[in-house]
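Residue strings, one per chain:
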Amino acid sequence: MGDNQFKLPPGFRFDPTDEELVVHFLQRKATLLPFHPDVIPDLHLYPYDPWELNGKALSEGKQWYFYSRKAQNRVTSNGYWKTLGIEEPIFSSSSSNSTSKVGMKRYLTFYVGEAPNSGIKTNWIMHEYRLSSSASDCASSSTTTTTTTRSSKRRGQPKTEYSGYILCRVYERDEEEDDDDDGTELSCLDEVFLSLDDLDEISLPN
Amino acid sequence: MYILTLLAQKLLLHLIVLTAYIILDSSKEDSRKLSCLLIKMAPENMSISVNGQSQVPPGFRFHPTEEELLQYYLKKKVSNQRIDLDVIREVDLNKLEPWDIQEKCKIGTTPQNDWYFFSHKDKKYPTGTRTNRATAAGFWKATGRDKVICSNCRRIGMRKTLVFYKGRAPHGQKSDWIMHEYRLDDNNTSNCNITNVPTVVGDAAQEEGWVVCRIFKKKNLHKILSSPILSTTTSITTETRSGQSLFDSCPEGALEQILQYMGRTCKEEENEAYINNNSTRFNLQPINTGISNTSNHNGFHEKFLKLPTLDSPNSTSSQDCYQPNIHEGIMVTENNNNPVSPFTDHHQNMDYHAHHMDSGITNWAALDRLVASQLNGQTETSRQLACFNITDPYDNDDHDDELQLPSTLRGPLSSSNTYHATHDYNNREIDLWNFYRQSSPLSSSDTLCHVSNGPI
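Protein sequences appear in the order of chains A and B.
Residue numbering for the first sequence follows the UniProt record's numbering, beginning at 1 and increasing consecutively.
Residue numbering for the second sequence follows the UniProt record's numbering, beginning at 1 and increasing consecutively.
Treat the hints with care, since some could be wrong.
[Stated by the list, open to error] Mimicking DMTMM-like on lysine to aspartate or glutamate, the simulated pairs with C-alpha atoms at most 25 Å apart in a straight line are:
1. B:106 - B:92
2. B:104 - A:175
3. B:174 - A:198
4. B:217 - B:103
5. A:7 - B:68
6. B:217 - A:87
7. A:62 - B:92
8. B:218 - B:84
9. B:219 - A:19
10. B:106 - A:185
11. B:106 - A:15
12. A:62 - B:67
13. B:219 - A:114
14. B:104 - A:198
15. B:219 - A:175
16. B:217 - A:18
17. B:75 - A:19
18. B:217 - A:172
19. B:218 - A:198
In case anyone wonders, no lab produced these hints; they're calculated from the structure.
Working from the sequences, and respecting the hints, build out all of it.
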């Protein structure tokens, strides 16, 4: 999707940190600030099943990214997303006041079937990022410091309308994730050889 | 009077000219500022000038696949084609320490876990074929064996893994810095252009010429051990000790370490060509991963293999029981489809390939203890199968001294059990042996018969 406007040399992949997702993509989206690259589509009105996301959401490898809005229950045509009950704060390291909480990350699992209780659990996982309430205030105030008065007037509206933005990352959990050796880490054979190197210097007990 | 007015006029003129200049100047500056702004506002789209004011769009990182590294970047580099963006820099490996490379090869301002660069390999000695990879503070030492990189089932290059040691050669201190060095395969050019005139690249590319490298810091062992995937599959002791102290403590601890590594889902690499860049090392090859959820893989350090020749009556008699069956396919499918039978007992299948009697331990007791400790640890939890293939990197070494102990068995055995052992002969062909054992109930005291009967 969106990334055809936009050409990077081979080898570049969309691999954002949590912080980047919140600070760059979510905060700017929510405060209506222009940002680049605007590669993540808004699928608010389209409750796709996770396997339908390909070609609709921004896909990178086996992960899909899209914007949506806060909702009580996320129901799709064939199932629903159920929260795992785990929440994780996202901190910003680059902001002026050392480390501050900018958002929250929530984990959800996809169930096929009728909400809320008769579904079958799948391996589809969603990470849902939202701005923490204080952070959205912080964000607008920090971004407005440069342009002071003008945007503070604007501030009221977007808050009500756009602070509901969330950013979703969806992927299917792979049981054998560790299996593939794409060269970015040591393969387990390499690890063995490495440890064998160590043993070279150790004398054995008699 | 007249003169005075003239002067005044001149002054005025000067003033006017000056102010004009000033106005002009400032407006120029403004416009320049404006254009600056415009440039900055312009889509950073592709202004990824990496060195200097780099602008990789947020959220994007350079994570090339091995194929991209070889097929796009290194190929262009070797053939002197322009690479659009200066993402991968040239680095003189002898002049920069890994931590300097990290600084020099930054892409953008985002934090990175790995760094990429081109390096031109040069020979260590004009006559030899070894590469000089020493820096001021240490040296890069190759480890393991090179991995074949394939693209569309076609071999395109090789990957060498190196570790950075601080200090000088014999007494270097191992660091966490790892390098993957990728080189293009000469063969692949001739492979794909079989009908065409083969392009002459030159054999020297093996040890000379451009390579593309990735360096990164090895992840801490703690993380690996505590990963959820491991914890579901481990059946060995899961001590989360740090790797270093483990290695320093005792070889059996280190062995456990290896076992844990092998217990992870090892990828089979049996299709790879055997290229032993480092001829002082054995190759361990896990054969069976199909039943890894219930099995452990056992590895043995080479020193345990340096054992004296043993004229054990058992070793000869047991060989009679085994019938070689050279059907790799059978073995693989059996292993995958029959996770329960016939591997329900505690099996240990070790294939020893011993040589070099002059060095290493000459003490069977050590092995004895080792095997015993292994077997005791496994009694309840898991069904064991360890197929190991220990390759002899020395091609034409003393074949006569070969010692083969095909299996060490434990526990009451059901009437017919199939054992698979692999043996890699010195001709580097993989022969898979399908050992079929007729009913031979072994008591556990027989377990170590191969070894305990030996001279102690």
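Those earlier numbered hints the structure runs against, lowest number first: Of the numbered hints, 2, 6, 7, 8, 13, 14, 17, 18 do not hold.
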